[in-house]
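**Q** All chains should be built: construct the whole structure from the sequences, respecting the hints.
Protein chains: 2
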Amino acid sequence: MKVELICTGEEVLSGQIIDSNAAWFANTLMNEGLELQRKTTVGDRMEDLISIFRERSQQADVILVNGGLGPTSDDLSAQAAAKAMGVELVEDAGWREHLESWYVKRGRKMPESNYKQCLLPKEAVLVDNPVGSAPGFRIKLNQAWLFFTPGVPSEFKRMVEEQFLPFINESFGQTEPTRLQKLVTIGYGESTIADQLNKLSIPEGITLGYRPSAPHVEIKVFARGDNAIAAMPAYVEQVKSILGTALVTDSFPSIAEAVHTLLQASGKTLSIAESCTGGMLTSQLVEFPGSSDYLLQGLVTYANDAKEKILGVSHATLEEHGAVSLETAIEMATGARASLDSDFALSTTGIAGPDGGTEEKPVGLVLIALCDRTTCWVQAIKLANRNRSLVRVMSCAVALDMLRRRLLDETPIVDYPFIPRMEDQIITLD
Amino acid sequence: MKVELICTGEEVLSGQIIDSNAAWFANTLMNEGLELQRKTTVGDRMEDLISIFRERSQQADVILVNGGLGPTSDDLSAQAAAKAMGVELVEDAGWREHLESWYVKRGRKMPESNYKQCLLPKEAVLVDNPVGSAPGFRIKLNQAWLFFTPGVPSEFKRMVEEQFLPFINESFGQTEPTRLQKLVTIGYGESTIADQLNKLSIPEGITLGYRPSAPHVEIKVFARGDNAIAAMPAYVEQVKSILGTALVTDSFPSIAEAVHTLLQASGKTLSIAESCTGGMLTSQLVEFPGSSDYLLQGLVTYANDAKEKILGVSHATLEEHGAVSLETAIEMATGARASLDSDFALSTTGIAGPDGGTEEKPVGLVLIALCDRTTCWVQAIKLANRNRSLVRVMSCAVALDMLRRRLLDETPIVDYPFIPRMEDQIITLD
Chain A
1 MKVELICTGE
11 EVLSGQIIDS
21 NAAWFANTLM
31 NEGLELQRKT
41 TVGDRMEDLI
51 SIFRERSQQA
61 DVILVNGGLG
71 PTSDDLSAQA
81 AAKAMGVELV
91 EDAGWREHLE
101 SWYVKRGRKM
111 PESNYKQCLL
121 PKEAVLVDNP
131 VGSAPGFRIK
141 LNQAWLFFTP
151 GVPSEFKRMV
161 EEQFLPFINE
171 SFGQTEPTRL
181 QKLVTIGYGE
191 STIADQLNKL
201 SIPEGITLGY
211 RPSAPHVEIK
221 VFARGDNAIA
231 AMPAYVEQVK
241 SILGTALVTD
251 SFPSIAEAVH
261 TLLQASGKTL
271 SIAESCTGGM
281 LTSQLVEFPG
291 SSDYLLQGLV
301 TYANDAKEKI
311 LGVSHATLEE
321 HGAVSLETAI
331 EMATGARASL
341 DSDFALSTTG
351 IAGPDGGTEE
361 KPVGLVLIAL
371 CDRTTCWVQA
381 IKLANRNRSL
391 VRVMSCAVAL
401 DMLRRRLLDE
411 TPIVDYPFIP
421 RMEDQIITLD
Chain B
431 MKVELICTGE
441 EVLSGQIIDS
451 NAAWFANTLM
461 NEGLELQRKT
471 TVGDRMEDLI
481 SIFRERSQQA
491 DVILVNGGLG
501 PTSDDLSAQA
511 AAKAMGVELV
521 EDAGWREHLE
531 SWYVKRGRKM
541 PESNYKQCLL
551 PKEAVLVDNP
561 VGSAPGFRIK
571 LNQAWLFFTP
581 GVPSEFKRMV
591 EEQFLPFINE
601 SFGQTEPTRL
611 QKLVTIGYGE
621 STIADQLNKL
631 SIPEGITLGY
641 RPSAPHVEIK
651 VFARGDNAIA
661 AMPAYVEQVK
671 SILGTALVTD
681 SFPSIAEAVH
691 TLLQASGKTL
701 SIAESCTGGM
711 LTSQLVEFPG
721 SSDYLLQGLV
731 TYANDAKEKI
741 LGVSHATLEE
751 HGAVSLETAI
761 EMATGARASL
771 DSDFALSTTG
781 IAGPDGGTEE
791 KPVGLVLIAL
801 CDRTTCWVQA
811 IKLANRNRSL
821 VRVMSCAVAL
831 DMLRRRLLDE
841 TPIVDYPFIP
851 RMEDQIITLD
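Protein chains in written order, with our numbering: chain A, 1 to 430; chain B, 431 to 860.
What the hints contain is simulated information worked out from the structure, not anything from laboratory work.
Any given hint could turn out to be false.
Unchecked claim - When the alpha-carbon atoms are kept at most 25 Å apart in a straight line, the in silico SDA-like pairs for lysine to any residue are as follows:
| id | chain 1 | residue 1 | chain 2 | residue 2 |
| --- | --- | --- | --- | --- |
| 1 | B | K587 | A | E190 |
| 2 | B | K629 | A | Y115 |
| 3 | A | K157 | A | D61 |
| 4 | A | K240 | A | L318 |
| 5 | A | K220 | B | T502 |
| 6 | A | K116 | B | G619 |
| 7 | B | K513 | A | Q59 |
| 8 | B | K739 | A | L318 |
What the hints assert, rightly or not - Non-contacting residues of chain B with respect to chain A, defined by C-beta distances greater than 12 Å in every case (computed):
| id | residue |
| --- | --- |
| 9 | V520 |
| 10 | R654 |
| 11 | G655 |
| 12 | P663 |
| 13 | G674 |
| 14 | P683 |
| 15 | S705 |
| 16 | D785 |
| 17 | E789 |
| 18 | A810 |
| 19 | L837 |
| 20 | D854 |
| 21 | D860 |
All residues carry an ideal CB built from backbone N, CA and C; glycine is no exception.
**A** Dropping the structure here:
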């Protein structure tokens with residue numbers, strides 16, 4: 001079965017809107033064991049729409065069309081579909097009634113422009129939209145089914161999940177059973193992981209995908225068919241053993257979410273002291289509802305005065321070792337922990353660049369400390385050849401991974417691929 | 431002139447990589463007064479590549495092809511181009527020499543796989559790549575020029591700017607003079623701004639574009655031709671007067687960068703105390719190199735204990751008014767400012783949701799305070815119908831805008847469209 005996607009709209013074509021529906025759709029197809037063959041984006045011109053519908057419907061079996069179902073004059077998908085088929089637009093009385101009663105319930109009169117959304121090509125099959133005013137519809141043109149969906153992401157996604165996927169499963173036969181396992185890594189680049197994993201012989205019916213999204217590269221192991229599904233656990237174990245410490249979670253979409261969930265479950269509390277990561281570490285946890293259960297404070301102490309006054313780092317330590325030092329990282333973490341007597345504290349201090357590096361302390365040098373009530377683990381890593389933003393992102397990932405390992409009773413400091421460690425210490429606190 | 435884009439690669443088609451090159455390219459074209467007609471994405475299959483090159487070259491005048499020039503076996507663009515033309519691949523001796531000497535200089539031998547990158551379709555014109563190993567090239571096929579570029583964004587962008595744009599300007603005649611003015615807004619949604627601005631009569635040769643990127647909607651006013659350029663200043667003034675307080679900068683890509691630049695120029699210092707924004711406000715400024723010049727500290731005081739201990743918010747205030755109150759916001763700001771005697775301080779406290787709201791203090795209620803040595807401005811805004819992330823993003827934007835206006839000696843608290851203000855106070859500090 002050849003599946004294609006047609007995205008419509010000037011704002012998508014001109015790059016004013018990043019085409020996130022397309023990426024989501026391709027991913028969703030992949031999770032179902034289906035492959036997208038081609039994606040075409042066109043603007044809002046009637047002749048472009050008609051010609052692309054005619055052209056692609058001679059090649060593909062199923063075409064999902066996204067966008068152009070709104071109430072305004074530049075929403076032309078239904079009209080273009082009718083013209084491509086050589087039929088008229090006719091009003092769908094059921095949808096009109098549905099829309100009118102929606103407005104009546106809210107004590108409003110339906111705007112004139114919404115009537116346009118009740119017009120579908122003759123012989124089109126209406127596809128319900130439970131969350132918006134634009135109905136979807138499907139038509140048969142040449143050899144293809146064209147399935148029209150609205151551009152609003154929430155409406156689009158529901159229609160794909162609840163109607164498009166069941167429709168193609170019904171029309172093109174039940175696809176084979178499939179299974180997907182995601183592995184989230186740090187340290188490796190996409191091509192380096194691929195080189196490593198290509199050394200494994202891959203069972204038939206299993207495919208690998210990579211999705212880089214700093215600080216992670218997510219690896220998708222996808223199995224199609226009963227044999228492949230049976231072979232999957234052993235294969236995934238082999239993959240994991242190659243990944244080693246680079247694997248930071250196989251159960252969550254990100255390391256931050258893994259830490260959030262583990263911390264929430266543990267009932268323990270956390271304080272954070274940041275310098276070079278500048279609030280990013282704290283902000284990554286605050287992103288999750290419920291983070292206030294465990295996160296007591298996140299103190300971004302950029303100035304030395306702030307490190308002394310807020311965290312109680314000693315003046316002598318700053319004088320003697322500097323702000324970017326193992327000693328300062330330790331005192332930042334222990335100071336942040338002690339201030340509200342939290343169970344854990346994390347600290348970061350380093351040189352994010354692009355300026356401020358020296359021979360002894362180059363750009364990309366970052367100190368990261370984790371402490372609980374009895375022990376402090378601290379390490380110096382060197383994030384060379386990364387820009388300011390990536391130095392901060394990777395530093396947060398390593399800090400979170402130290403805490404993740406501690407929460408799992410593993411050793412918090414490990415060797416990651418491509419993140420050289422310059423120094424480390426484990427200090428017993430009294 | 432009809433310009434099309436063809437993106438190649440399974441990872442782009444399958445949504446594993448968001449197609450940022452395409453958006454950048456469409457934007458860059460628009461800045462030059464050119465329009466992208468169609469964008470097609472295909473995978474790495476040889477027959478798909480050949481057929482799309484043949485097909486689109488019968489319709490377009492210029493086609494930019496992105497991706498597939500790397501050294502590995504799934505990089506097929508050059509080979510597919512040769513097959514589409516019906517010619518052989520031949521080695522470009524100059525590029526081979528260039529690559530070999532690059533490796534020699536670094537004391538390394540060129541890997542076998544790189545030789546593939548020296549093979550171009552016969553009669554192709556090589557396009558220099560000053561920053562990578564894959565040369566670009568262009569070929570004439572049917573009625574179109576196909577211009578092949580590497581997928582690596584930094585290489586792609588340089589090639590477009592330094593070679594593609596000059597090439598089409600030369601080949602298709604100097605385009606008319608153009609001018610672009612960007613206006614960055616907060617508060618309005620894209621379609622609401624469009625509705626507002628559509629009421630203005632727009633001078634011939636001027637077009638408007640919108641790029642939503644939370645918390646901003648960026649408006650692009652684009653003029654093509656001398657008459658339009660002459661009419662632009664007056665038109666932009668009309669647009670600005672409609673935007674009113676929604677316009678937060680016409681000189682910077684974001685409000686955070688505007689504040690960063692103004693603060694750095696002012697020589698003044700800033701402390702930040704955050705609750706619901708959870709480090710996002712601090713992090714947005716730390717993103718800019720040199721922010722350590724003015725940013726002394728960013729204190730994320732999530733727990734009430736932290737507000738008392740770190741910021742000196744009084745226990746009585748928290749007891750009487752609660753953590754989400756004008757009074758607490760004021761004490762957070764004045765406490766953060768006083769602790770290191772910075773020139774300014776900002777504070778945020780609110781209910782980001784999805785839980786934790788009450789009738790009196792609903793989800794989306796956020797208190798924001800700005801203080802200097804003599805005055806504190808505080809306001810309560812209500813960010814209804816926005817998710818947790820957007821509540822935080824919009825709160826940061828309003829906080830930064832208060833400081834931006836203060837730095838420009840404007841009044842810090844203003845009425846924004848679609849950001850209702852529940853309460854505000856101006857307090858003279860003693």
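**Q** Can you give the numbers of the hints that this structure goes against, from lowest to highest?
**A** Violated hints (numbers, rising): 4, 15 and 16; every other hint is consistent with the structure.
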